[in-house]
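Chains as they are written, first to last, in the numbering used here: chain A, 1 to 325; chain B, 1 to 253.
If you are wondering where the hints come from, they were derived from the structure by calculation, not from laboratory data.
Treat the hints with care, as some may be off.
As the list claims (entries may be wrong) - Now the in silico label distances, taken between C-beta atoms and shown as ranges:
(1) B/Glu213 with A/Met119: 55 to 61 Å
(2) B/Pro208 with A/Glu160: 48 to 54 Å
(3) A/Leu301 with B/Phe221: 52 to 58 Å
(4) A/Asp313 with B/Gly229: 44 to 50 Å
(5) A/Thr291 with B/Glu244: 42 to 48 Å
Yeah, the Cβ is synthetic: ideal placement off N, Cα and C, and Gly gets one too.
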Amino acid sequence: MNVGQNKVMELKEAIATFVKPGSHLSIGGFTINRNPMAAVYEIIRQKIKNLHLYVHSNGQGMDELIGAGCISKLEIAYGGNGKFASTCIRFKKAVQAGTIEVEDYTNYQMTLRFLAGSMGIPFLPTRSSLGTDIINRWGFSKEMRKGSPKIPDEKLIEFENPFTGWCDTQKVVLVPAINPDVTIIHVQKADRSGNCRIEGLTFADVEQAKAAKHLVVTCETLCDNDELKKESNQNQIPFIHVDAVVHVPNGAFPTACYMHYDYDPQYLHMYADHAKDDDMYQAYLDRYVYTPQTHGALVELMGADAMARLAADPRTGYAANLDRS
Amino acid sequence: MEYTLKEMMTIVAARQIQDLDIVFCGTGISMLAAMAAKKINAPESVIFFETGAIDSRLEEIPMAVADSRVMFHTSSNGGLLDAFATMQNKITGDHVIGILGAAQIDKFGNLNSTVIGDYDHPKTRFSGSGGGCDVASFVPKSLIFMQQERRKFVKKLDYLTSPGYLDGPDGRTNAGLSRGGPMMVITNMGTMGFDDTTKEMYLSGYYPGITPEQILEKMEFSVDVSRAGEVAPPTAEELRILREECDPQGLIL
Chain A
1 MNVGQNKVME LKEAIATFVK PGSHLSIGGF TINRNPMAAV YEIIRQKIKN LHLYVHSNGQ
61 GMDELIGAGC ISKLEIAYGG NGKFASTCIR FKKAVQAGTI EVEDYTNYQM TLRFLAGSMG
121 IPFLPTRSSL GTDIINRWGF SKEMRKGSPK IPDEKLIEFE NPFTGWCDTQ KVVLVPAINP
181 DVTIIHVQKA DRSGNCRIEG LTFADVEQAK AAKHLVVTCE TLCDNDELKK ESNQNQIPFI
241 HVDAVVHVPN GAFPTACYMH YDYDPQYLHM YADHAKDDDM YQAYLDRYVY TPQTHGALVE
301 LMGADAMARL AADPRTGYAA NLDRS
Chain B
1 MEYTLKEMMT IVAARQIQDL DIVFCGTGIS MLAAMAAKKI NAPESVIFFE TGAIDSRLEE
61 IPMAVADSRV MFHTSSNGGL LDAFATMQNK ITGDHVIGIL GAAQIDKFGN LNSTVIGDYD
121 HPKTRFSGSG GGCDVASFVP KSLIFMQQER RKFVKKLDYL TSPGYLDGPD GRTNAGLSRG
181 GPMMVITNMG TMGFDDTTKE MYLSGYYPGI TPEQILEKME FSVDVSRAGE VAPPTAEELR
241 ILREECDPQG LIL
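The shape of chain A in the complex, shown without the other chains (with noise of 0.2 Å):
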């Protein structure tokens, strides 16, 4: 957190003074929509490695930054990009040959993880996963968690209800809170001092951003600080929980942007295609993160047209009768 009111920086710098070897780092966005893809290919770009990722069900960001071996150890819900790859290909690569440490959760825990990290405390409780192998089933060893002092000892702990059976409840499974060392999240609009509105769904970027010690956010828009205040209701992130605010159009490219552009339905295709086979792979992040030097310059590469085909219709928020054969 930063209560300053001028927070915005280029990218380069934002992501070289927040992000570090080692780093716990979690990413906004959910599948194909909203990923901070601007950041994660400067994360590649700047070639932090080591990183240890906290997503819920992340696709195109988390996929990246596996492929591009920037990742050791993922905390995660689910790994897959809808219809374009129903598991993430990197990710799944990595998982079969043991080169990440995975520990499995649910959707509803990992935002629960999250919420629990924004409140500081040290847990909250639900009725999901019990009796499953969520419960039983551990990535992370007992031994490396005691000896990693940013993660609990316990993945997960059932607990009898100790309000005896209130709510017809004998039983809730207590999941740990998520602290990062940073959070970064892609939203439509932002203001200097990093006040945040988001439009369409949310996902669980709020509890992500509220939890981080340090927050990151990209946004198409960069306001005005008297700006967002106008219709402050429409707001969900106040600035106090800001370090950074990157002004980067089209920055969830090739992800969605509810209300400015759609998913890239060509580019993810040519991205799986690529993912399946180590040497292409090599060869798409040399043509697409590596050689444009910034989010930019791959806009560029792409092309007005294509950008143009992806433009949000404004009735419906996505690019009506987009091709995504």
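Got chain A; can you put chain B on it based on the hints?
Just chain B now, with coordinates in the frame of chain A:
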């Protein structure tokens, strides 16, 4: 009238949805079933996504539950916290019908969507639970889509991601789950129910041109087939709505 097995599965699921059901849908065929139900037999059902969208107007089929298409013309665009609380809430949750899919299922309707092989050294890794375990833990009834294959209908799951009836009639209560369990499995060959007393899977229906024996061959465990009857094929009108109004671009079908 000619139809594909995918169309049959979608219509069979849609027929299970009633007015005033809140239908939790995932990606793909389950979304299509919810869309079809709304246009065919349950106009007052409510489409609901774990991402937080309630009563989305689906003018085009979404490619994922986070697709911007699910955010259009909703009653509210919240987040995961709202969506799962709605399912866990004993009042609203009672009206939710879940639609799930998985890589493996056992005779008690437990599901694996995490790994094949040893968890620590998996032969195949899948996407993981997502909200699947949450839905299966919370809601009173669910429909499950499965491909009818021996390697998918297994005696023992490699990993139990989402709870069905766990180890039998008292399984859910003993584990601390207060309600729920699957009501029907819909495959590309037929449908299965779960016995009221034993909670074991039985064959409830087979599609035209398919015999119960052919279905049993595609399962590692055997099930009672004495209650099975032929399932009515999709009508011309059901197919027309499915093809022309739900998925005109053929993205799922």
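Of all the hints numbered above, which does this structure not satisfy? Sort the numbers upward. Checked against the structure, no hint fails, so every one of them is satisfied.
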